Amino acid sequence: MDDEPSEKPLGLNQEPAGEDPAAKQKGAMAKRRCVSVYDPNSDHRRKGVYKKDTHTLRTRNTTLQTLIQAIVNYDEEDAFELVRQIRSSDSLEDVAESVSAREKGIIATEDAAPTSEDDMAPADQFESELVGKTSELMVGGSRKFIGGTSNLIFLPPGSELYEFNSTQDSGISPQDQEYSVATWTRVTDNEQLINHLMTMYFTWHYPFYTTLSRDLFYRDYIRGVSSQYCSSLLVNIMLALGCHFSTWEGSREDPKSSATAGDHFFKEAKRLILENDEHVIAKLCTVQALALMSVREAGCGREGKGWVYSGMSFRMVSDLGLNVDASNLGCRSLNDEEIDARRVTFWGCFFIDKCWSNYLGRQPQFSVSNANVPKMDALPREEAQLWTPYTDVGVGHEHTQPSRIRAVALQISKLSEISGDLLVFFYRPTPTEQISKQGELRKLSEIHTRLEAWKKDLPKELDPKEGQLPQILVMQ
Numbered sequence: 000m001d002d003e004p005s006e007k008p009l010g011l012n013q014e015p016a017g018e019d020p021a022a023k024q025k026g027a028m029a030k031r032r033c034v035s036v037y038d039p040n041s042d043h044r045r046k047g048v049y050k051k052d053t054h055t056l057r058t059r060n061t062t063l064q065t066l067i068q069a070i071v072n073y074d075e076e077d078a079f080e081l082v083r084q085i086r087s088s089d090s091l092e093d094v095a096e097s098v099s100a101r102e103k104g105i106i107a108t109e110d111a112a113p114t115s116e117d118d119m120a121p122a123d124q125f126e127s128e129l130v131g132k133t134s135e136l137m138v139g140g141s142r143k144f145i146g147g148t149s150n151l152i153f154l155p156p157g158s159e160l161y162e163f164n165s166t167q168d169s170g171i172s173p174q175d176q177e178y179s180v181a182t183w184t185r186v187t188d189n190e191q192l193i194n195h196l197m198t199m200y201f202t203w204h205y206p207f208y209t210t211l212s213r214d215l216f217y218r219d220y221i222r223g224v225s226s227q228y229c230s231s232l233l234v235n236i237m238l239a240l241g242c243h244f245s246t247w248e249g250s251r252e253d254p255k256s257s258a259t260a261g262d263h264f265f266k267e268a269k270r271l272i273l274e275n276d277e278h279v280i281a282k283l284c285t286v287q288a289l290a291l292m293s294v295r296e297a298g299c300g301r302e303g304k305g306w307v308y309s310g311m312s313f314r315m316v317s318d319l320g321l322n323v324d325a326s327n328l329g330c331r332s333l334n335d336e337e338i339d340a341r342r343v344t345f346w347g348c349f350f351i352d353k354c355w356s357n358y359l360g361r362q363p364q365f366s367v368s369n370a371n372v373p374k375m376d377a378l379p380r381e382e383a384q385l386w387t388p389y390t391d392v393g394v395g396h397e398h399t400q401p402s403r404i405r406a407v408a409l410q411i412s413k414l415s416e417i418s419g420d421l422l423v424f425f426y427r428p429t430p431t432e433q434i435s436k437q438g439e440l441r442k443l444s445e446i447h448t449r450l451e452a453w454k455k456d457l458p459k460e461l462d463p464k465e466g467q468l469p470q471i472l473v474m475q
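0 is the number of the first residue of the sequence shown in numbering that gives the first Met the number 0; add one for each residue after it.
In short, the hints are calculated from the structure, not lab data. There's no promise every hint is true.
Derived DSSO-like pairs: lysine-lysine, alpha-carbon spacing no greater than 27 Å straight-line [as the list claims (entries may be wrong)]:
hint	residue 1	residue 2
1	K454	K413
2	K269	K374
3	K455	K374
4	K454	K464
5	K255	K304
6	K374	K266
7	K413	K374
8	K459	K374
9	K304	K266
10	K269	K255
11	K436	K374
12	K255	K266
13	K413	K464
14	K304	K269
15	K459	K413
These numbers come from a predicted model, not from an experiment.
Given the sequences, and given the hints that come with them, work out the whole structure.
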């Protein structure tokens, strides 16, 4: 019939009657499936890039491994030098190549550092000079300590620091065959008196106020050589001190007044200070002389002058770096005797400083916090030298015994450290922190314990007894 709808054609989006939709979708996916294969060899544009990146990465890893291995294996000095090269180089590969070449023996170890000023780069030369000068400065035979913050390290020769002349205060030449000890002073030409007073000094004063190396002093004294260990200034102050133990004619400026004992030698010492600028040019023997001058003035009741002399001496201690261990200054040219002389002088001044602080009730100039000097060593030969009670009438043999100079000086230095801690803690004008009464009692107990331990640890030969050495009795 014409009115009945005709059958429509099957469209694209029309599903056939009776067909499963899921099956149809699966079939369509199968028709669209394809195999994708990538062939890296077919892409010639990126092949070279990957190869170059791999080579660069491999080279960099090798470079870093070489440098790190070298830093681990090198000693401290060479490792620091290698780090400096790494930081200053534009190419780590070049540094690594030099390390590899050195390890293979192509470059000798000694050739890695410049051996002459011509081969040394300006920057390296400057750094080398700077490192050396920040630890010490040689000044005409006198070692002066200059810190790294000071511009004085750049002073050229010819400046004031270089004016020291080791023979300026003595007209004696080391080659002179005939020599008289009287040439050390203008006060007298009586050699017997000079020898007598010098023996008095080393018998009664030196064993307690040990500020110098006796062996080094006598070595130059008997030869007439003015040096770091002996000078006219030092000899005259020794003679002045020796006068206080003698009544010989010539020991007093005014023979009728005992109060003038040694004054004439002391005046000569003051003349030498001014005429030779001894107070300006630091020397080891000048430190010793000024310290002894301060002790004498204190004994004469002239505290003001003595305090000033001690201050001059202690300033020179810092100027020469005596408060710093010489082994940390790069002082490779100093032998054991010279290092020992520096230590003895420092600890002698350390003790005198504590004497002044206790005497005047003032803060010490030296403390263990601003010094790292080891104690002096006990020298068997000096310790075994016999001490005899020498007087104006000669030598008395009744109490002859080993001098034990260094053993006593060592114990005095330990006692001085305890005294210094007591002065700083209890008598400092401005305490660093508020301490409670309990804190003060604890500190007082600690110092008392240290004193008890010091006394308990004293060697038996240093115990007080009848006929004991005078320096031991004074120490006790």
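Hint by hint, here is what the structure shows:
1. K454 to K413: OK: K454 and K413 at ~11 Å, within 27 Å.
2. K269 to K374: Violated. K269 to K374 sits at ~31 Å, over the 27 Å cutoff.
3. K455 to K374: Within the cut-off at roughly 19 Å; holds.
4. K454 to K464: holds, 15 Å
5. K255 to K304: Holds. K255 to K304 sits at ~25 Å (cutoff 27 Å).
6. K374 to K266: At roughly 34 Å apart (the allowed maximum being 27 Å), K266 and K374 break the hint.
7. K413 to K374: Given pair K413, K374 holds - Cα atoms ~9 Å apart, limit 27 Å.
8. K459 to K374: holds, 20 Å
9. K304 to K266: holds, 13 Å
10. K269 to K255: holds, 23 Å
11. K436 to K374: violated, 34 Å
12. K255 to K266: Roughly 18 Å between the alpha carbons, so the hint for K255 and K266 holds.
13. K413 to K464: This hinted pair holds, its Cα atoms lying about 21 Å apart.
14. K304 to K269: At roughly 12 Å apart (the allowed maximum being 27 Å), K269 and K304 satisfy the hint.
15. K459 to K413: With Cα atoms ~17 Å apart, K459 and K413 stay inside 27 Å; holds.
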